[in-house]
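Asker: Here's the letter readout for the chains.
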Amino acid sequence: MSGDGRTGLQADGVTAGYGGDPVIRGVSVRAEPGKVASVVGPNGSGKSTLLKALTGVLRVSGGRVSVDGREVTNSPPEDMARAGVGYVPQVDDVFAPLTVRENLEMGGYLLGRGQVGPAMEHVLAVFPRLSGMLRRPAGKLSGGERKMLAMGRVLMLRPSVFLLDEPTANLAPAIARELLEEQVRQLARHGSAVLIVEQRARAVLAVSDHTYVMGGGELRMAGTPAELQADPAFVASFLGGHVQRS
Amino acid sequence: MSLLVASVGFGLITASVLAIAAVGFTLQFAVTDVLNLAFAAVMTAGAYTAYAVNAAGMPIWLGTLAAMAACAVLSVLLNYLVYAPFQRRGAAPITLVIVSLGMALIVEFSVAAVTGGVGVSYRMSQGSTIRLGGLVLTTAQLAIIGISLVVMVAVHALLRYTRLGKAMRATAANRMLARNCGIRASRVIGLTWALTGALCGLAGTVFAIDVGTFTATSTDIFLILILAAVFLGGPGHAYGAMLGALVIGLATEVSAVYIPADYKYVVAFVILLGMLAVRPAGLLGART
Ligand SMILES: Nc1ncnc2c1ncn2[C@@H]1O[C@H](COP(=O)(O)OP(=O)(O)OP(=O)(O)O)[C@@H](O)[C@H]1O
Ligand SMILES: [Mg+2]
Numbered sequence: 146m147s148g149d150g151r152t153g154l155q156a157d158g159v160t161a162g163y164g165g166d167p168v169i170r171g172v173s174v175r176a177e178p179g180k181v182a183s184v185v186g187p188n189g190s191g192k193s194t195l196l197k198a199l200t201g202v203l204r205v206s207g208g209r210v211s212v213d214g215r216e217v218t219n220s221p222p223e224d225m226a227r228a229g230v231g232y233v234p235q236v237d238d239v240f241a242p243l244t245v246r247e248n249l250e251m252g253g254y255l256l257g258r259g260q261v262g263p264a265m266e267h268v269l270a271v272f273p274r275l276s277g278m279l280r281r282p283a284g285k286l287s288g289g290e291r292k293m294l295a296m297g298r299v300l301m302l303r304p305s306v307f308l309l310d311e312p313t314a315n316l317a318p319a320i321a322r323e324l325l326e327e328q329v330r331q332l333a334r335h336g337s338a339v340l341i342v343e344q345r346a347r348a349v350l351a352v353s354d355h356t357y358v359m360g361g362g363e364l365r366m367a368g369t370p371a372e373l374q375a376d377p378a379f380v381a382s383f384l385g386g387h388v389q390r391s
Numbered sequence: 015m016s017l018l019v020a021s022v023g024f025g026l027i028t029a030s031v032l033a034i035a036a037v038g039f040t041l042q043f044a045v046t047d048v049l050n051l052a053f054a055a056v057m058t059a060g061a062y063t064a065y066a067v068n069a070a071g072m073p074i075w076l077g078t079l080a081a082m083a084a085c086a087v088l089s090v091l092l093n094y095l096v097y098a099p100f101q102r103r104g105a106a107p108i109t110l111v112i113v114s115l116g117m118a119l120i121v122e123f124s125v126a127a128v129t130g131g132v133g134v135s136y137r138m139s140q141g142s143t144i145r146l147g148g149l150v151l152t153t154a155q156l157a158i159i160g161i162s163l164v165v166m167v168a169v170h171a172l173l174r175y176t177r178l179g180k181a182m183r184a185t186a187a188n189r190m191l192a193r194n195c196g197i198r199a200s201r202v203i204g205l206t207w208a209l210t211g212a213l214c215g216l217a218g219t220v221f222a223i224d225v226g227t228f229t230a231t232s233t234d235i236f237l238i239l240i241l242a243a244v245f246l247g248g249p250g251h252a253y254g255a256m257l258g259a260l261v262i263g264l265a266t267e268v269s270a271v272y273i274p275a276d277y278k279y280v281v282a283f284v285i286l287l288g289m290l291a292v293r294p295a296g297l298l299g300a301r302t
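Chain order of the listed sequences is A and B.
The number in this note's numbering is simply the position in the first sequence, starting from 1, with 145 added.
The number in this note's numbering is simply the position in the second sequence, starting from 1, with 14 added.
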């Protein structure tokens, strides 16, 4: 599925907000197929706003967004899904009254009749824990199960771009690490371009190929995890310690 | 005793009519986010549409189909011309309630203006009388109960087993997430207006058959009963509305055996208020 024309997501100078003054200004990020890119930054720095702008949830007032070489700036969310962008929002990430199976079916809404079953098998292979709870309402799942369902729902379409907004928030550290190191890496291994927003800077650096740092609605720094870990300013503000020598 | 049994019969018929309306109303609210107080007025427009077809010499079932089509179109237009533009401008839900109240008056007065406000009845046979246990029902009344049961099963099948029905539930639960899945929410919402509009037309016609003679204002109190059934079951909850309709239908008619019939609608609200005090989210809680 990868290769052929898949170049991932590219955002150039994106400016967006909620109707008043822009909340993010001139933000440029890339997510490449097979790679994990991450966005870190303090609360309120505009990370979620960036993802909403990239998925058509919010209007982009400046800059451009393209997916696999096609410009999709300001396409509505339903067309972003068709363009191959999958999005797991920070909150309200599942259809709570629908069962796990129905949530996955909605994730595969754009698939043809015969494709839903195989897609669901694939998702359940990636998230085996969901297999035993297909008839349970999504609203009754634990935090970790719920995030897996939210990611599984998006995986139904095998999107070329995965946008994840703090998937490990409210998860126990062990479960968070598993989600990042197993499942998120696996999405990239299958050829998707992954852009993940995280509060757990140290944990996400470990699985990232490239990391962006946001502050006050703008991009402050960017680089490989190794580059950032060697930067005293980054270490002081995000890793809460001294530059690691390795 | 036989009076009690007979009132149960009336209760079942009222519940059947009410269930069709309440399910339509609650689905409309769940998916479109509009608490459409014009629903009962649109029912009346449907009842008169069936009357016009019937008066032209057609059988009442054809009139019913015409009413369903007319109310589907009218509901889609109400959304397209009035509610959707308000929603696009970010109007608060309470604003839309007031707008829908205005539309209720406009639709009702338009119907009254066109029809002249005189009471009318369908030309149809009530059929033979059937005894079931102590219940005495006409064929027409039995047909109303049967139609209502079929509608309830059909709504259940739609919501549980069809792609459209699941998309409706997904849109009701989380509209933006549905759009993120590629579901064209505005199309689902348009179809919901058409579908619930058709239910509204059906409800209007069976209501008119049930009451015998009706005018443009006949459904005014019925709107209150719809609201009672919908909120009793939990707003936005289809199965709750069915249950609510059964409780309200039976309670109003059976209570009329023991208290002056004028007060029977008060009973519906006493039940609703009591229930809301215990379970504010309604019998079945959250949305479908
Ligand atoms: N729906 C909204 N309407 C108006 N302003 C909003 C809305 N959501 C967020 N904001 C504002 O936009 C700014 C950025 O918020 P955003 O949610 O993007 O931050 P974030 O980096 O994702 O923070 P967190 O780490 O807490 O999730 C904040 O100042 C916030 O108050
Ligand atoms: Mg956020």
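It is worth saying that the hints were derived from the structure and are not from the lab.
Keep in mind that a hint or two might mislead.
[To be verified] Partner residues are not named here, just some residues of chain A that face chain B (Cβ under 8 Å, in silico): (1) Tyr163; (2) Val236; (3) Arg246; (4) Glu247; (5) Gly252; (6) Tyr254; (7) Gly259; (8) Pro263; (9) Leu269.
For each residue, glycine too, the CB sits at the ideal point set by N, CA and C.
Asker: Would the stated hint for Gly259/A survive a check requiring a Cβ distance to chain B of less than 8 Å?
Answerer: Nearest chain B Cβ about 14 Å off; hint violated.
Asker: Restraint: Val236/A near chain B, CB-CB cut 8 Å. Satisfied or not?
Answerer: violated, 10 Å
Asker: Let me know if the C-beta of Tyr163/A comes in closer than 8 Å to any C-beta of chain B, holds or violated.
Answerer: violated, 11 Å
Asker: Under the criterion of a CB-CB separation shorter than 8 Å, is Pro263/A in contact with chain B as hinted?
Answerer: With a minimum Cβ separation of about 17 Å from chain B (threshold 8 Å), the hint on Pro263/A is violated.
Asker: Hint validation: Leu269/A versus chain B, beta carbon distance must be below 8 Å. Holds or violated?
Answerer: Where the cut-off is 8 Å and the nearest Cβ of chain B is about 18 Å from Leu269/A, the hint is violated.
Asker: For the hint on Tyr254/A, does the least C-beta distance to chain B fall short of 8 Å?
Answerer: holds, 5 Å
Asker: Once the shortest beta carbon distance from Arg246/A to chain B is found, is it less than 8 Å?
Answerer: At about 10 Å, which exceeds the 8 Å cut-off, the nearest Cβ of chain B leaves the hint on Arg246/A violated.
Asker: Gly252/A was flagged as interface toward chain B. Is the shortest Cβ-Cβ separation under 8 Å?
Answerer: holds, 6 Å
Asker: Using 8 Å as the Cβ threshold, decide whether Glu247/A counts as touching chain B.
Answerer: holds, 6 Å
In terms of the numbered hints stated before, the structure departs from hints 1, 2, 3, 7, 8 and 9, listed from lowest to highest.
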